[in-house]
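Novice: Sequence:
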Amino acid sequence: MNQRTRITLFTPLLACSLAIGTAATGWAAAAPKTAPGAASASAACFVEVKADDATKAIVTGQGFDKAKGDVLLDQTDGVGGGTATVGDDGTFTSGDVPAGKYKASQSGGYGSDCVGGAAAQDAVNQKLITSERERGASEGFTDGKALALAGTCDAQPKPPQNQKQNQNGLVPNSEGAKKADEAHHAAYDAAFTAALKRYCTG
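Residue numbering for the sequence shown follows the working numbering, starting at 1 and increasing by one per position.
None of these hints come from the bench; they were simulated from the model.
These numbers come from a predicted model, not from an experiment.
Positions of the beta carbon are idealized from the N, C-alpha and C atoms, including for glycine.
Heads up, some of the hints might be wrong.
[What the hints assert, rightly or not] Below 27 Å or equal to it, Euclidean Cα-Cα: the simulated DSS-like pairs (lysine-lysine) are:
no.	residue 1	residue 2
1	LYS145	LYS103
2	LYS158	LYS50
3	LYS178	LYS127
4	LYS50	LYS103
5	LYS127	LYS103
6	LYS66	LYS103
7	LYS101	LYS158
[What the hints assert, rightly or not] Each pair of labels, with its calculated beta carbon distance range:
no.	residue 1	residue 2	range
8	ARG198	LYS101	48 to 54 Å
9	THR93	TYR199	20 to 26 Å
10	PRO98	GLN126	51 to 57 Å
11	VAL79	THR142	18 to 24 Å
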């Protein structure tokens, strides 16, 4: 094989190799990087300093996996720590622990940095507001549909009273509870009216 033939054959082979290498590199860069045991997007925990003893706190959490066992609480700004049992609903409440910053984790690295102070209160408030808005929408549409199918198409929305929730640890404050009540009523009214419009054809 002369030199010209060798160069002619080598050039397309080199181009092909470069194309494959580039594609492989691009795929590797685009491939999702999933760390083993990564925390669930829904996992969250909160630190509440006890009102009667500022040196102690209670850690609560949600979105954890009962099947992975107890939650390990690690104080990131001190030597405190402990464990907490995860319930069937994925929540946990610790006993008294030294006040500070905490990380809650389970086997396999499943964990979450806990939020404290005003940020924790805001998060707890928002959780209630969201759940009450969803509840109001569901109840409003159900009630409106039932009345519409019964022929009562001039009915006015009458949202039920907010449900009292049994909560441990950090709970919504008065401002959060007020906003949750408003969110429930607004969602109920909107869904109720939408159901009447949909099912009242007369």
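Novice: Hints first: check each against the structure and report whether it holds.
Specialist: Status of the hints after comparison with the structure:
1. Between LYS145 and LYS103 the alpha-carbon distance is near 46 Å, which puts this suggested pair outside the 27 Å criterion.
2. Between the alpha carbons of LYS158 and LYS50 the distance comes to roughly 39 Å, so the proposed pair goes past 27 Å and is violated.
3. Between LYS178 and LYS127 the CA atoms are separated by roughly 13 Å; this keeps the pair inside 27 Å, and the hint holds.
4. Of the supplied pair hints, the one linking LYS50 and LYS103 holds, its CA atoms being roughly 18 Å apart against a limit of 27 Å.
5. Proximity of LYS127 to LYS103 is assessed by CA-CA distance (about 20 Å); at most 27 Å being required, the pair is judged to hold.
6. With a C-alpha separation of about 17 Å, the suggested pair LYS66 and LYS103 falls inside the 27 Å cut-off, and the hint holds.
7. Annotation: proposed proximity of LYS101 to LYS158 is violated, straight-line Cα distance about 44 Å (limit 27 Å).
8. The given range of 48 to 54 Å is respected by ARG198 and LYS101, whose C-beta atoms sit roughly 50 Å from each other.
9. The hinted range of 20 to 26 Å is not satisfied by THR93 and TYR199, whose Cβ atoms lie roughly 43 Å apart.
10. A hinted range of 51 to 57 Å for the beta carbons of PRO98 and GLN126 is inconsistent with their spacing of about 27 Å.
11. Roughly 52 Å separates the CB atoms of VAL79 and THR142, a value that falls outside the hinted 18 to 24 Å.
The structure fails hints 1, 2, 7, 9, 10 and 11 (numbered hints given earlier, in ascending order).
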